[in-house]
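Whole structure, please, built from the sequences with the hints as guidance.
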Amino acid sequence: MSADDSDDNIIRRREFKISDSIQLEDILIQDDAIKETVVSGKNEIDEAIGDIFDPFSQDNENLPGIVKKDGTVETSPETDVVTNLAKEGERKVNWILMASMIVIFSALGIVVGTALDPMLAIILLIGLALFGFWLGELWIPKNNLNLLGVTWVIISMKVLYGLAIELQRWDFITIETLGLFLLALVGLNVYVSYRHNSDAIAAQSTLILLVIGSATGYSFGEIGIALMILLATILVHGLAIHRKSGNLAALGIASTNLWIGMHALTSGFSIGSLTILPLETRLLLFILIMIITGINASMAAKFARDENWFSKAFEALGLGKPGLWGVSISLGMVGALMAVGANREELGYAIGLISILVSSFGGSYLVVRGVSTKRVVQPLLISGIFLTILLVTNESWRMLPFDSYELFAVLGIIVTAFVMLRDQKSVTDRVLWTGSVAILMLLVIMIPAEPSDNFCISNCQAGDGGFLLLSALTFIHIGTAILAIKREAPALAGVTVILPWSWVIIEEILEESIRTLIVANSGTDPGSIIHLEPFPLFGYFAIASILMGIVNFKLGKNGVNLASKFLGVTEVSASIRDSGLLQLWSIGLWLPITTIIFMAKFGGFTALTLLGIYTLIVIIHMISELTEKRIGNASIMLATISSGLLILQWQYGIEEGFMVIYSIVAMALLIRNNGSNEVIYSIGMSLLAVPMLISLVARKSNELIDTELIPSLGITKISILCTAILVIIYLSKAAKMEKLLSPALASLWLLTVNIALVYKEGEFYEIIIALAMFAVSTIWLVGNGEVRREIKSITKKNSLKELAKEESIEKNISIGNVTGFNPQLVELKNKRKKRREMEETENIEDLYLTDATHKPVIIILVLGLVIVSSAIISFIGGTNHLVLLSTGIFISILVLVARERTKNLELELPHFLGIEMPIAISIGGIILIQVSGHLAAGSSNLELLDMAIMVLLVMSFCIISLINQRNLLDRILIAIDWFIIPILIGRIVGTILYESLPAPFTVNPTKGDQIEWILPWTILEILLILSIIIIAWIETKKLEKKREPTTNNSLRALAIVFISTGPAGFLALILVIYHTIKNQQTVEFGLVMPTILLSMVSLSNWIDSLKGIIDELTLILGGILLILCILTVPFKKEAWTMTLVTDSHLLLYSGLLLTGAFTTLYLPIVLISLSTTVWIIGIMQLRRILRILGLFDLIIAILASLMILGAKMLEPTTLLISLIVLAVELGLVAWLSLSNEDEIVKD
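At position 377 of the sequence shown the residue is numbered 377 (my numbering), and the sequence of numbers has no breaks.
Simulated from the structure, these hints should not be mistaken for laboratory data.
One should not assume that every hint holds.
Below, simulated SDA-like cross-link-like pairs (lysine to any residue); rule was C-alpha separation at most 25 Å, straight line [what the hints assert, rightly or not]:
1) Lys-629 / Leu-771
2) Lys-158 / Arg-243
3) Lys-717 / Thr-752
4) Lys-733 / Ala-775
5) Lys-1038 / Leu-1071
6) Lys-1037 / Asn-1004
7) Lys-717 / Leu-771
8) Lys-302 / Glu-222
9) Lys-244 / Ser-298
10) Lys-142 / Ile-123
11) Lys-760 / Val-679
12) Lys-601 / Lys-733
13) Lys-1037 / Val-989
14) Lys-425 / Gly-362
15) Lys-1133 / Ile-1077
16) Lys-903 / Asn-880
Note that the coordinates shown come from a computational prediction; the quantities given were computed from them, not determined experimentally.
See below:
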């Protein structure tokens, strides 16, 4: 074989093994052949909307960065949010600094005007403005400092605008002169923007023009306001046209509509000495909106493809890059809808406004999409002029019997529909689905839904109970469903599935929030704003469910895929995609269930309608699963259905109905499965036991209307029947199952809970039936399960030995120095490295037997039953030393039997976190029993003899785990972990649950009963100290054998500190600190340093002299660590910087709180010092995270000072000094950062 041949035989074999398919083109087509890339699915490009985040978009697997189903990436990814932040993060921080400077200097200008004498304030403000203009002239020409220069010019203009308003407040000028003065400043603003060619400088003139226009109404009334707003709009757009600026065009479109909406909603307000009046004349507001909307729509069409700030902001957030038309019109629509909402009660007027918006923006959209301008504008303009004349004429002289606005709305909608339908091929799916969402929102806002006589409780006006509203919405959903199927549009399918259920939840949340705010502010509860009664809501949800089924049967393979750039981590997006959570079939299950639970809470269902709609949804999904039309995991579907039923059962009862629904679904899924999927059996039987447990709990359910109409056979009969059916199905399929443990546990769990329920609620013969079911099932499992598993384990071991023998023979007969490559051996070696309990080996037989273990299922089941039973007895009867000790001895015997039986099979027991699984279960069970005993009523957390028994039993299990084991150095560490960590978990759980066990750091081991208190703590402390000594000895042995030092000693020390009474914790910390410094383990050092104080807290419980110094010591230790952090710069110890920064933050913040210094001026001093230090170190060491942390500290310093020091910080003189210091610091940091931006960006 020549050297020019392709990959050698070994590599080709490896590639073949890891490939998930055989591609014929790899064999038949030469490497240099041209391969065509086929992109499936429609790829519509909407110039108007742009490339914006679309939850219904379909991933093209050929796009850069897309993670395929098998986890591979075809081409390199594009820059996502995280990568973009890593590359451009420093510039973004600088932008934040610039924005902060604008806010701070604006506030500084206001404070100067209020705190100082007017003449002095004038001099300072003019000086500040001139200083800013000078810096702008100096820095704008420089590339790195351009942004800072523009910021200073903006600050200067804001200072001058503020000075003008202050001059009128000081009565130096009149209100009319103020208007002229502001206009002159606008002219200066525009001139400066042209001089420096900056849209950012020109942007604020846009807002000032609108303010001037609105303020004119103070002198000239509403007509003056309307004319000046119109003039301001023309000037703003004229400036955008002259500068050819998409930024100014988008800002003008958004700001003008928002400004008009503000006038329509508010009753007037003041900006300094400027008074803003509302627009209350209906006709004037209507015509103004019509003209402004027309102008804005034209501007949006003209600049549709231009760059703008809003699009860049969306792109920076990872939401795509919307077009100027889409983003500016969206913001403008918000303002226009403010006017619609202000006139909601006048339906004709509001719909007339909506027709204006739809016609203007709809026509603009068609023009952007390529339709001839004349073809669009001609009918809209002619009809608009005609309808306006008709409106004004009829409003003035009442010539027609119809309402003018209703007539305008109807004719306007007809003309708009004609224009849109005539060119409907130019409309994309995205516009259709967003339009359906917008129409739904408008209908919800416009159509009243009042309670009807049938369900009205008191003082209600008769209504239709939401029938008209839900009917209108139903037609929308039917329309989107038809379009989805006709156009094969995933987006419309998604809207059909999601929209009917989601809007109800959003509306109820908003409604309750509004009502809560009103009542919280001593207002009168307005009651339900949108009242949806049970039967109309049932019909609406039923149709929505049927539509969901129809659409999903046709388009169910599509999903709501989060765009990869939205999350910023492509792998996370792919994981969510592959999980199926946001797949249409899955959404069609969990979203309706969530909505049903939510609406039931607000009286949306009776008992019959609740059962009916839930049953309908379950039937649709069950049929789709059985017919293999449904996409998704059946186990997740079953768990989702069960979760919803359990929540409803807990709240409203109806146990029998819900249990029957669940059992039917579970029975259908279990019968269909042939035993290959053990998970579905485990989940199916386990979840059936939960409603039985809920039935056992004495609780008060909220009974729904018509609950008495549901027939009842008795919960015990239903329980026995459902349990028997599922267990029989399981036992009939169990012979085909490989993994018996989980389903066997689930069946025993179900049978046990069934016995408990029948024992409490049932008759004697029902108890006998339940016990017989348990006995028969257990005997069957023992007789058919364990022996079969042992035979399989032995067979597997023997086959692995044969493979090892074959591998050894191949290795021994290899020719020359050439040996084969076995990837399985490499994988097994890596697996042994990851498992703490296994030692590395080169023996081939040992490698092959890595996974040769035998799991004694029956013994594990018996262990579980014994532990659970003992825990229940302890929970009911309280602490019982005899139960704990006898259980410990019994399960110790079981563990020894399991180890001996497995040893006879020449196999290993399976391990869990490094220790044999039966031992792990036993340790957890002993701690569970001890904690359960202290949760019982009447138990005392001062009587802890059972803790001594528990500690000794846990230690004995750890010692058993070391018997007949190799690699003892690793095994001993594992045993110590299993001694410390479970005790810690039990302690924390006991503390959280009613403080049934003493909380960490609160124990005085010297005061109390000798047997019940002092002895247990002494035993625990001795065993902990012994463990620490052994850990230190092991570290020494590892160094002697030149092995890597242990990397998790800090976690052990932390756990010991939490459960120790002091000495053991302090000893552990000293040894760990020594080892971390010696071995350069910075993270380990960072974890243990703060815990020194926790150990001292434990010691202070019985050493009184320590109590007075811990708080101050915290602050001092934080300061020392901060000094050490500073020293890492000159001594080149960057590896320690992050650890020291983290610990100094933790200790300084804690010290401020503990010492009470946070209520004094030490708070801003310490925090600003911390911020400055960290920020400077971040710049010097080129560490972005430190610079961001410095900014965060500065923000915390400002907010904390304002909230805690309160009025003292808001005194004019103090505030002025604080703002000056803050402004100087921000300016200095911004200057240093931008001056060195090239070097910093390389970080």
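To see whether the hints hold, each was checked on the structure:
1. Lys-629 / Leu-771: violated, 40 Å
2. Lys-158 / Arg-243: Roughly 22 Å between the alpha carbons, so the hint for Lys-158 and Arg-243 holds.
3. Lys-717 / Thr-752: Judged against 25 Å, a Cα distance of about 16 Å means the pair holds.
4. Lys-733 / Ala-775: holds, 19 Å
5. Lys-1038 / Leu-1071: Roughly 15 Å separates the two Cα atoms, so the pair holds.
6. Lys-1037 / Asn-1004: violated, 36 Å
7. Lys-717 / Leu-771: holds, 14 Å
8. Lys-302 / Glu-222: With Cα atoms ~31 Å apart, Lys-302 and Glu-222 exceed 25 Å; violated.
9. Lys-244 / Ser-298: holds, 15 Å
10. Lys-142 / Ile-123: Given that 25 Å is the threshold and the Cα spacing comes to 29 Å, the pair is violated.
11. Lys-760 / Val-679: violated, 30 Å
12. Lys-601 / Lys-733: violated, 41 Å
13. Lys-1037 / Val-989: This hinted pair is violated, its Cα atoms lying about 36 Å apart.
14. Lys-425 / Gly-362: Answer holds: Lys-425 to Gly-362 is near 14 Å, not above 25 Å.
15. Lys-1133 / Ile-1077: Cα-Cα ~13 Å, so holds.
16. Lys-903 / Asn-880: violated, 34 Å
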